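K.L.:
The residues making up each chain are set out below.
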Amino acid sequence: MTATRPIAARRGPVTIEALTVAHGMVLAVRAISISARGGEVLTLLGPSGCGKTTTLRAIAGLEEPQEGRITIDGRTVFDAAGGINLPPERRGLSMIFQSYAIWPHMTVFENVAFGLRARGIRRSDLSSVARQSLDLVGLAALADRPATRLSGGQQQRVALARSIAGNPGVILLDEPLSNLDAQLRLAMRTEFRELQRNLGLTAIYVTHDQEEALVLSDCVAVMRDGVIEQAGTAAGIHDRPATRFVAEFVGVRNILPCDAAEESGRTVARLPGGALLACSGPAPDGPACVCFRPINVRLATQPGPGAFPATLTAANYLGDLVQYHLHAGELTIWARGLPRSDLAEGAAVFWSVPPEACFLVAA
Amino acid sequence: MARFPRPETLVGILVSLIVCALTLPPLAAVITSGAGAGFAPFREPGVVFNTLLFGFGTTIAAVIAGGGLALALAPGVPGRALLEGLVVMPLYLTPLLTAMGWNWLASPHSGLVNLLLHAASGNSLTINAVTPMGTIGVAALATAPLPFLLISDALRGIDASLTEAARVHGATPRMVLHGIVLPLLAPAGLASAVLVFVQAIGLFSVPAVLGMPEGFNVATTEIYQLLESYPPRFADATAWGILLLALAAALTFAQSALLRRRSFATITGKAFRVPRHLPSLPRLRAGFGWLYVALATVLPLLALLWAASMAFITANPKLMRLSGEHFAYVLFGYPKTWLAAGNSALLGALSATFVVLLGFGVSWVVLRTRQAGRSLLDQLSMMPLSMPAMVFALGLLWVYVRLPLPIYGTLGILLIAYVTHYLPFGVRATSAALRQLHPELEEAARVSGASWLRSMRRITLPLVQPTVFSAWALLFIMAMQEVSASILLYTSHSIVLSVAVFDLWENGNPSDVAALGFVQLAVSFVIAGLVLRARQRRALA
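Residue numbers (the working numbering), protein chains in the order written: chain A, 1 to 363; chain B, 1 to 541.
Here chain A stands alone, though its shape is the one from the complex (with noise of 0.2 angstroms):
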C-alpha cells in the first residue's frame, strides 16, 4: 500500500446546490447543498431511506434529479436550470457498489482494464496502467483470475482496484464494506483510507455505520428524511450533535427532557425529580432535552458535589466495558465504565456529568 503515483490525481472538489430527487411522487432527497473539498473524504451518514445513496447515485449521474446543480472539479456535469445533465461516462468519475458489481464474464485483470480500454487510453499502455492498480491493492497475483473465483474481500480489492484505475479525481462509495465480516471490515477501511491519502482522492462515502463514518471522514453530513440535519467534521458530529435525531445516530444513549434556564451565565438544565446539570453550549427555543454519553457519567457510592443518587438496577459485562442501567424516580441514565467491584445490581450510587460533556438540543 505505499506504492506512489506517477500521475498525480486531479484532487478536485465536488459542489451540490439545492439538489432535489423525486421518486414519483416522493421526495427522496430535498434541496440539500454539500461539497466535499479537493483530496478529502466527504461522508453521507444516516439510516436507511434518508436519501443518502439517492444523492450519491445523482452525483455518478445513475439517477435524474429534478432541481439543483452539481459540479465536479469545476465543470457543471448536472444543472437543472441550465439543462445540463451528462450521461454517467462523461462525469468523470468512479464508483464503489455495495455489490461490488464485479463483471462474472471477466477475469480480474479484465475487470480492471474495462473502464481503461473505455475511456481510450492507449493500448500500449492498458496493461501496466491496470496491473499497477491491482498492485496497489495486493491483487497483481490474482489477475489472471475468473471474476466468480474470488472471496468477498477480494471482490472489494477488485473493485477497489477498478475504481483507482482509470485515475479518476473523484470516487464514489456506496456503503463498500457492509457486506464484508467485522475483521476484514476494520482492516479494509484502513486500507481505503491511506489509499485515498496517497493518492489524493476526493471521495464521497455513504454509510449507515457512524463509526465508519467518523473514522474515515474529514467532513460527515448527516442525512435524515432527504435533508441534511448537521454537517461538520467527524468530532463536530460526534461531540456536538445539533439536532436529537444526530445525537440518537451517533450514539448518545442519555437525551433526557429537562427545563432549561440560564443561571449566572451558565446554561442549566433541571431534570424531573430536581437533578441540576451544568451544560456547555446555548439552550435552545421552546423545550428541550439534556444530552450526555454513558461514557461520560462518573459514578459514585458516596454523595459528593454536583452528583444525584440513583439505584444501580442492572450492570452489563460489554468485554472491555461494563454498561450499567441507573434509575433515579422515573429517569432512566445510561452509564459505562471499566469493571468495579463496588457497583454490584442494587446498590444506591450518585451520578455526575461534567459540564463540557453535557448538552442541549430541542425536544
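Honestly, the hints are just simulated from the structure, not real lab data. Keep in mind that a hint or two might mislead.
[Unchecked claim] Simulated DEER-style distance windows between Cβ atoms:
id, chain 1, residue 1, chain 2, residue 2, range
1, A, Ala31, B, Ala81, 54 to 62 angstroms
2, B, Gly373, A, Ala362, 30 to 38 angstroms
3, B, Arg156, A, Thr148, 20 to 28 angstroms
[As the list claims (entries may be wrong)] Residues of chain B clear of chain A, computed beta-carbon distances all greater than 10 angstroms:
id, residue
4, Leu52
5, Ile64
6, Ser229
7, Ser451
8, Ile459
Since this is a predicted model, take the numbers as computed values, not measurements. For every residue, glycine included, the Cβ atom is placed at its ideal position computed from N, Cα and C.
Once you have looked at the hints, place chain B on chain A.
P.N.:
Frame of chain A; chain B shown alone:
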C-alpha cells in the same frame, strides 16, 4: 448545452412504439368491426355452450394434472430431472400432432387402442377420443405443462421454515398441506387456470381434429368454417372473436380482483422439502409423472410413427404392412412440403429473433429505466397472453386487408402475428435473465466510462446471452408449429408446415399427414438443436 435525448431514452421510445403498433390495431379492429356486425353467437347457443364446456373442462383437467405433477415431482422422486424435462415437452409439440396421434390411438373403429381392446374383449369395450370428452382430455394433456411450470415455481418459493413452523406448532402433515401449502399455491393455481382457459378457448387444432368430425363445434372451429365458406363471413367470424376476447378479459379481470383481496408477498428462501409434509410415496409419484409423459407425448408420437410407416391404416392386422412410401410422398411428391418448410424455417428464425430482441428491449426498459408509462408497456407486451391467437389473426386480417400496405398475403403478416403472439414469452424469458443481473453491473460500466451502447454490448448482452439463445431455440420450435393464427393468414405462397399438415388432414391420406407431421417435428428440432450446438461451441472457443 442543449439536452440531446440519450440512446437509452430513444430505445425506450422505439420499443414502446413497436409494441403499441403490434398490439393495439388488431385489438381495436376486432372490437370495432365485430361490434357492428350483429351478434352471431346469439344464433348459435350450442356452440357457445360447447366453447364454455371445452374451456372450463380443459382448465379444470389441466390444472389438476399440472398441479398434481408439480406436487408429485417435488424433490425425492426417482428420475426427477428427466421427468421435469419430459413433462414440459407438450409445450414444444403442436397440439395438432397430439390430437392426430390420439385420433389414431382411439378413434372408435381404427384406433390402435381400440384394435387391441376389441381383440381382447370381443368388441364390447371402446375408448373413443373423437368425442367432447376426448377433445377436452387431449387439450388438457397439451396445456397441463403451463400449470405445472407456474405451480412448481410457486412451490419452490415456499420457504421450508413456513411448513416447519407449522409442524413445530403441532400441525400434522395433512394439516400442513391443507392449511399452508395449498393456500400458498392458490395464486399460482388461479393464474395458471386463467392462462389455460385463454389457451383452450383459443385452441383450434384439437377441436378441429377431434371435435368437428362429430359436430362438437367451438368458437375457433366456427370462426374457421365461417371464413372457409364462400363468400367468407368476416363479420360473423369477428363477432365470435369478440366473444372469445370478452371471455378472456372477464377471467383475467376476475383473477386480478381475487388476487387483490388475497395477495401474498413473494416468498423466497430455502427449497420446499416434501417428505416433511406430504406422504412420500416416491414410486407412486414418479409413476404419475411417467403416465402423463406417456399419454401426452410418447403414445401420440408412437401412433404418429405407426401411421406414417404403415402402407395404409386398417382395422385388419393381417393387412398391415410397413412402408416408406408416405415419407417418400411428402418429401418428394407432395408439392407444398418444401415451400412450406422453407417458409416455416424462415418465419421461425425471423420471429424468434425479433421476439427475443423486442422482449429484451421491453424488459430492459421496464426493469432498468424510470421511463414514464413503463408499467403500461409491460402490461401491453403481456396482453397477447390473454388474446387467443386466432382472434388476433382476425384483427390482423381486418387491419391489413384495408391498409394499402402490401403485407396481406405475404409472410410479413404471419411474421407480425407470430412476433406479437410470442412477445410475452420473449419478455418473460429476458426479464428473468435481467433480474438475475444486479443493475449495479451495468451502472459500474457506465461510471467506468462506458457509453450506454458499450455497456450493453460488453456487459449486459454477454451476461444474458445463454438465456437469450435457449429462448430463441424454444421460440423457433414454437413458431414452427403455430396453427391457430397461421390457418387464417396463409395464402398459397405463404403456406407454412403446420397449415400444410392440417390441409392434408382435411383432404389427404392420413398416413401422409403423419409423415408430414414428422417432417415438421424433425425440421424444427434439428434447426433449434444446431443453433444451440453452435452457441455452445462458440462459448467453448
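K.L.:
Against this structure, judge whether each hint is valid.
P.N.:
Status of the hints after comparison with the structure:
1. For the pair A:Ala31 and B:Ala81, the supplied restraint of 54 to 62 angstroms holds, since their beta-carbon distance comes to about 57 angstroms.
2. At about 44 angstroms, the beta-carbon gap between B:Gly373 and A:Ala362 misses the expected band of 30 to 38 angstroms.
3. Between B:Arg156 and A:Thr148 the beta carbon distance is about 24 angstroms. The supplied range of 20 to 28 angstroms therefore holds.
4. No Cβ of chain A comes within 10 angstroms of the Cβ of B:Leu52; the nearest lies about 42 angstroms off, and the non-interface call holds.
5. Here B:Ile64 stays apart from chain A, with its beta-carbon at least about 41 angstroms from theirs, past the 10 angstroms limit.
6. Consistency note on B:Ser229: stated as away from chain A, and its beta-carbon is indeed over 10 angstroms from all of that chain's, at 54 angstroms minimum.
7. Separation of B:Ser451 from chain A is inadequate, the least Cβ-Cβ distance of about 6 angstroms not exceeding the 10 angstroms criterion.
8. At roughly 6 angstroms from the closest C-beta of chain A, the C-beta of B:Ile459 falls inside 10 angstroms, breaking its exclusion from the interface.
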